[in-house]
Each structure stands twice: as structure tokens, then as C-alpha cells.
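K.L.:
So the sequence lines, in the order shown, correspond to chains A and B.
Every number in my numbering is 49 more than the matching position in the first sequence, counting from 1.
Every number in my numbering is 39 more than the matching position in the second sequence, counting from 1.
Keep in mind the hints are simulated off the structure, nothing from the lab.
Just to be clear, a hint being listed does not mean it is correct.
To be verified - Cβ pair distances, simulated, as ranges:
#, chain 1, residue 1, chain 2, residue 2, range
1, B, Phe277, A, Glu425, 44 to 54 Å
2, A, Ser390, B, Glu284, 38 to 48 Å
3, B, Glu284, A, Arg134, 33 to 43 Å
4, A, Trp79, B, Glu294, 30 to 40 Å
5, A, Ala64, B, Ser276, 48 to 58 Å
6, B, Ser276, A, Arg160, 28 to 38 Å
7, B, Gly69, A, Ser399, 25 to 35 Å
8, B, Ala208, A, Glu81, 51 to 61 Å
9, B, Pro108, A, Arg271, 50 to 60 Å
10, A, Asp142, B, Arg228, 21 to 31 Å
11, A, Ala480, B, Ala109, 49 to 59 Å
From the three backbone atoms N, C-alpha and C, an ideal C-beta is built for every residue, glycine too.
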Amino acid sequence: MARDNAQALIHTFDAEFEDYARDESRSRGWAESISFPTDEDEVRAVLRALAAEGVPVTVQGARTGLAAGAVPAGGHIMNLSRMNRYLGLRKDDEGRFYLRVQPGVVLLDLRKHLSARDIPASGWDAASRAALDAFAQAPVQIFPTDPTEASACLGGMAACNASGARSYRYGAMRGHVSGLRLALADGDVLALRRGEARACGRALTLTTEGGRIIATELPGYRMPACKSASGYYVADDMDAIDLIIGSDGTLGVITELELELMPAPAVTWGVSCFLAEERQALDATCALRERLSCASAIEYFDHAALEILRAQRASGAAFASLVEPPEGAGCCLFVELECASEDEAMAELSLVGEVLAAVGGSERDTWVARTDTDREALTFFRHAVPESVNMLIDERRRTDSAITKLGSDMAVPNERLYEVVALYRATLAEAGLEAAAWGHIGDNHLHVNVLPHDAADYAAGKELFARWAREVAAMGGAVSAEHGVGKLKRDFLKAMYGEGALCEMARVKRAFDPAGMFGRGNLFDESLLEGGA
Amino acid sequence: MHIVVCVKAVPASTEVKMDPVTNTIVRDGGASVVNPFDATALEVALSLAEERRRAGEPCRVSVLSMGIPATEALLRDCLARGADGALLLSDRAFAGADTLATTYALSCGIAHLAKQWGEPDLVLCGKMAVDGDTAQIGPELAATLGATCATDVREVLTCGAGAIAVRAAVDGGTAALELPLPAVLTLAREAAQLRMPSIAGVRAAAEMPVEVLGAAAVGADAARTGLAGSPTQVVRSFVPESQRESVAVDGTPAEQALRLVEIIEGVA
Chain A
50 MARDNAQALI
60 HTFDAEFEDY
70 ARDESRSRGW
80 AESISFPTDE
90 DEVRAVLRAL
100 AAEGVPVTVQ
110 GARTGLAAGA
120 VPAGGHIMNL
130 SRMNRYLGLR
140 KDDEGRFYLR
150 VQPGVVLLDL
160 RKHLSARDIP
170 ASGWDAASRA
180 ALDAFAQAPV
190 QIFPTDPTEA
200 SACLGGMAAC
210 NASGARSYRY
220 GAMRGHVSGL
230 RLALADGDVL
240 ALRRGEARAC
250 GRALTLTTEG
260 GRIIATELPG
270 YRMPACKSAS
280 GYYVADDMDA
290 IDLIIGSDGT
300 LGVITELELE
310 LMPAPAVTWG
320 VSCFLAEERQ
330 ALDATCALRE
340 RLSCASAIEY
350 FDHAALEILR
360 AQRASGAAFA
370 SLVEPPEGAG
380 CCLFVELECA
390 SEDEAMAELS
400 LVGEVLAAVG
410 GSERDTWVAR
420 TDTDREALTF
430 FRHAVPESVN
440 MLIDERRRTD
450 SAITKLGSDM
460 AVPNERLYEV
470 VALYRATLAE
480 AGLEAAAWGH
490 IGDNHLHVNV
500 LPHDAADYAA
510 GKELFARWAR
520 EVAAMGGAVS
530 AEHGVGKLKR
540 DFLKAMYGEG
550 ALCEMARVKR
560 AFDPAGMFGR
570 GNLFDESLLE
580 GGA
Chain B
40 MHIVVCVKAV
50 PASTEVKMDP
60 VTNTIVRDGG
70 ASVVNPFDAT
80 ALEVALSLAE
90 ERRRAGEPCR
100 VSVLSMGIPA
110 TEALLRDCLA
120 RGADGALLLS
130 DRAFAGADTL
140 ATTYALSCGI
150 AHLAKQWGEP
160 DLVLCGKMAV
170 DGDTAQIGPE
180 LAATLGATCA
190 TDVREVLTCG
200 AGAIAVRAAV
210 DGGTAALELP
220 LPAVLTLARE
230 AAQLRMPSIA
240 GVRAAAEMPV
250 EVLGAAAVGA
260 DAARTGLAGS
270 PTQVVRSFVP
280 ESQRESVAVD
290 GTPAEQALRL
300 VEIIEGVA
């Protein structure tokens, strides 16, 4: 594409684009220009034009991220929300379907098309159309990654290796991406398909479509034995595609993803279990992990989270239709069962009942959602928790604008669950901070949200998070389990892996992006990017 | 106290299939759910029963439906949520019933339940079914049973030994009404939110019987059931098709505004 065409795609960043300076993390950045490419050619043309001028690029999707990875730090914003087309479908010999999408496709939209077995196929080739015919006849397919925010786009989800509740069973996004295309700063493209390009030990060599060789030594650190979205994923002999997923927009622009789909489970039941004490919930979590074979999610809501929900419900408006938690409920465990038959679901449900009885709870203090209406009510209940906390923080911000959301995203290995919860409780009490905790307890991954009343609370909360990052790292955990590091958790990443590992990560980045054009301020400080490749 | 809750299986989807010959809804296809208004009626019954029991009075909640055999699963779900018993009237002879024939069948079912559990003090229905939208069953049942009736009930105020007080919709607003028992109420959604079953409830319901009876077993007169007993003639039913098209307008605000002008001019 001619340079003039690229310039036509680049808009001066004036007041009408103000919203694009921030994301859901509520951080605000700045930029000089913005573009909204609609296909890979446009992405490449814009990148070439920017490279010629030495303008750095922040890549954005739906801006639902919580780590400010999409918040610009000067330069250009490349917003991919208009790259939202479905590109093709294939079916492998084992009957699995793989769907190619542009990065701006929104998860909610994807789910809608999958459940209706009706994917927009405009411009598809004959092979994809044939696969679509087979898809229409096959059992309903799903894409299992389910971050709470369904308005997230697939590109953003890949960039931060998103996960969500069902990662307990299905793992994070990384395991469900079978191919991708990455546009590099010079407009060249790297095409990766799972299984086709692997590191040799920690040495990785890749060839772009333009013939450039990217050769780098991958960092030597070991990944934590738990969910992680903290820095580059590395492993001996790793698949190159896994490095790109979770790279927080620092290596290039994902212009296409191929998603591996799977058949929807025959039976999905949700069970909310109300318990008096947090300790019972921890005991139950460990027992459920051992005994259940069909759990797709084990989630937790602490007493403060339930109380906030109660208050929001009582205040009416959007939350008036929330199901009310039972009187005296101290906390809630939510278990989702995905089974092949109702008989299997009944057997698993009985096991949940047994576990509750064993920890001193009761199978009467439960809600079992087996119908769409009930499942929707439970989803509303779970999603209302972070929403309610955001509303509470917004309310408090009115009296002190220094206050903002302070939510943790750390995970630890299974055997450290009790220890990490004890750490949270002891240090919150010591600091005298109000907090609510919820999240993916099955993965030992709680979002502890400090609820500051004033700037002093906020500062104390930030200090506490830094301490947690150090202690979680010492437990072999991850400082970010699903939100990514972005700009907000760089110091935590240093606490987790140490300065040396950050230098190794910067070396990887320089191999892909020698001029340091992408995602400035994400993962590590720019000073680490100085020096040769 | 004996409370009977009438529930109807309605299509889970809003896309309803019609039988081109009889012009009635095809019910043996896709997934069904309990009519949402009937779900409210069930919750009102369960709450009233809890209240009566707390006051030391025994109380039974029976759920009653006329439908295809698969409706049994929905009735079992009602048991899981706390109903004490369930009766399904299922017979080809009931097929194609209009509201009169349905009311007749349900009244036969109520008579059958009454033999075992006593005449009902209360019969609760949803204010209408989301598929048929007639809102006639409740009032017709009241007339058949010789009971008092309040429709579109928004709230149950009190329930004593011989009477129930409710707030129900009337022209221009709502009114507090006191009805001597036996009474038939039809419930609006705002009256209650159906509770979810517990693990204990689901497990117990799996072992409980759902009584399934045909027309003869409840002593129904064949001439008054199904199509034969339905004076209503449905001449034609159809799902209205939307003629409207949506157009997404992309671009900068200025580009979008220009495109909008073009579209408006095109329409004019």
C-alpha cells in the first residue's frame, strides 16, 4: 500500500479520540496519533509509515484490560476493534474445528455465533465453506476461555493470556490458540502454527515471511507451577507460538488468530455453596479438587464481597434482581460441573454435598442452577461482585480523587493456598485496610481488592500489594495470573523474576522489535531496551 | 392448607414452531421451560407454605400440569425447589386443547388431587403463558371451581385461615383485595423470584414420584378434552417477520454523519 494511503489511516489524536487514552484499569495515557486498521495490509502499511518516522505504537483491542497494557505512553495508538471479521474455518481429521478470526472479534460475539452455529462467512474460500457446512451439522462448539469481561476481544485476550473461571479445567487462552500471524515493526509478518516452530532448548530461531531471521536466547527462568500471565512464557523446546501469547503487545501486532474449538458439554450445572467460615471454604476447595472429575470452575466470594452485594441489591437499580445470599452466609464457593450426562452430574453433585458435610456445611445451604434462567442468575450474581466493588470505589472517589481500584491478581501453587490466604488476612488486618476477596480459588488465584477510604489507605494498599508480590514470588507463585503485567505490575514482575530475568526478556523483545517500537512501558522499563540486540 | 400450582411447559426459545394443519404450537420439538409467570406462582406457594408451617399449620404444595411426557422433568424440577407432589396430565386426548378444554382437564386434575389431599384452598397460576398469552386459564378455573379470583397479583399481603389479601393490578394502578378462600390467583413476575433448588432438594426430587395420568384416569369426558372439547377455532397463526434492516455506519463522526444523511435522503 502506498505511503499516502497509510497516512490516510493515521488520525491526529484530538479530543474526539480521548477515550482511547485509557482502558478498564482506569489509567490514562497520551498519544499523538491513532489508527483503526481493518485488515492486515492496513496494519502493515501503518507500521511501515510509523517505523519510517520512528513513532512507537501501543496496540489496543477492546480496552477491557486491567493492567494498562493498552494505555498509550506517547506515539501512536493502533486500535484493532475494527478488525472484527471471521476469516475461515477448518476441520481436522479428528473432527476438531479451528476458527480463524481477526483480533478485534469480541468474545461475546464469538460465543453468540458459536451457539447459533452461524458464523459470518463473507469472503470465505470453498474449503472454509465446506468446514462451515460440517460445523452446522456438528454438536454445538465452544471456545472455553471465559474472562469475566465478555466484551474483551480475542486479540487482547491472547496478548495477556486471559483465563477466567473455567481455566480450572481448560487452562488459559494459550492452550486454545493453534495459529497466529504477528505483524512486526517493519511491516514484515511472522506466521506461526502450533507444532511447526519450536525452540531448541532455550534457543529460538524464526524466519519471517519477508525472510528476516529472528534469533534469540530465551530467558532462563522457570515458569511458576500455577496459572501465570507474568512476563514472557518460556520453557525448554517450547512452541514459538506460546511466546507470543501473553507478550502484552511488546513483540508485534497480532493480526490473526486461529482458535481451537471444542464441543459444548452435554450438561452444565452451577452450584453455589454457602459456608459460615473462610477456613471451611479452603478445606472444601482442597477436597473438591481431589474428588470431582467434572469441575470446570471453583470460585470463591468472601464475606465482604457478599455484604457488598447485599448492599447493592438493597440499593435497588441494576442489582435489584440479584438473588439474595442466605441469611448468615459467611462466604460462598461456586462450583461449575460440566458432565457428559445428567447421571454423571448427579453423582458429582452428591460428592459436592458430601464435601460440604465433611467441612461442617450443609447441602441445604446451596443453590443448584440447572436451567438457563438459574445459570444466568448465578452468572449475574458472580459478575455483580466486581461491578459492585467498582461502584463502591467510584462512590468513594467522589470525596478523594486519589483513590482508584486496587485489585490483586496473584496465584500460588496448590500447596500454598492456606499460606497465601493467611498472608492476605494477616497483613490486611495489620494495615487496618478494608478489603473484599473473590475469584478463582480452584487455581489458588484470588482477586483481593483493597477498598480504600482515602489517599492514605490507597498508599498503604499499594505497599501491601508490593509485599504480597514478594511473598507470593517466594512461594513460587505468579504476580499476575490472568490480567497481564502491562504498565501497572512491572515492579511486581521484577520482584518475581529479578532484574536479570527482565534483562533477558528485554533481549527477546529486541530480537523481535529492535527499535523498541511496541508496547512501550509494558512489562519492563524502557531503560532495559537500550543496547544492542 | 392445600395449594395447587398450575404450571405450563413453554418453549425455551422465542422461535415458536406452529403446526400448519391445526395452527397450534408444536410442543414435541426443542427444549421447554416452566412458563416464567408460573415459576413466580410456585415461589408464592412455597413461601406461603413455609409461613403456614411456621405458624404450626400443615401445608401441602401440589404442582399440576397438562403436557407431553417430557414435562415430567420440569415437574421434577418443581419438586427439587420444594413442592411436595406433582401430577402430570398427559394423553393424546388432551392434545390441541384451547383454554376451555385446558381448564376442564386441569379441573379434573385438581379433583383428583383433592381426593388425596383435600380440596385446595388456593390455586395459583401465572398471569399468562408466554407462548399463548391468553391469560384466561386462571379466571376460567375460578369459574369452574366456584372460587374467588384475583388476576395480575403483584404481592400477597396476608394469608389467614379463611381469606387471603393481595395487591393486584386494576385499571389505573393496583388495589388491595381480600378474597375469601378458596381462591384462584394469577401472579405477575414482580410478586416473587423463584428460589433455586438446593443439592438436598435435587437429590430428594430424584427419588420422588411424579404421578402421570391420562384422561380416563382422571375421569375426564373425552368430548370436553383436546381439540374435540375446544370451541376456539384458530384460523391462522403466524410469527410476524421483521421487515426492518440494520445498517452499521463506520468511520469518523464526520464520515458517519455524511453516511447518515445519505441514508435518510435515500429513504425520503
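K.L.:
List in ascending order the numbers of the hints, as given earlier, that are violated by the structure.
P.N.:
As far as the earlier hints go, 1, 3, 4, 10 are violated by this structure, in ascending order.
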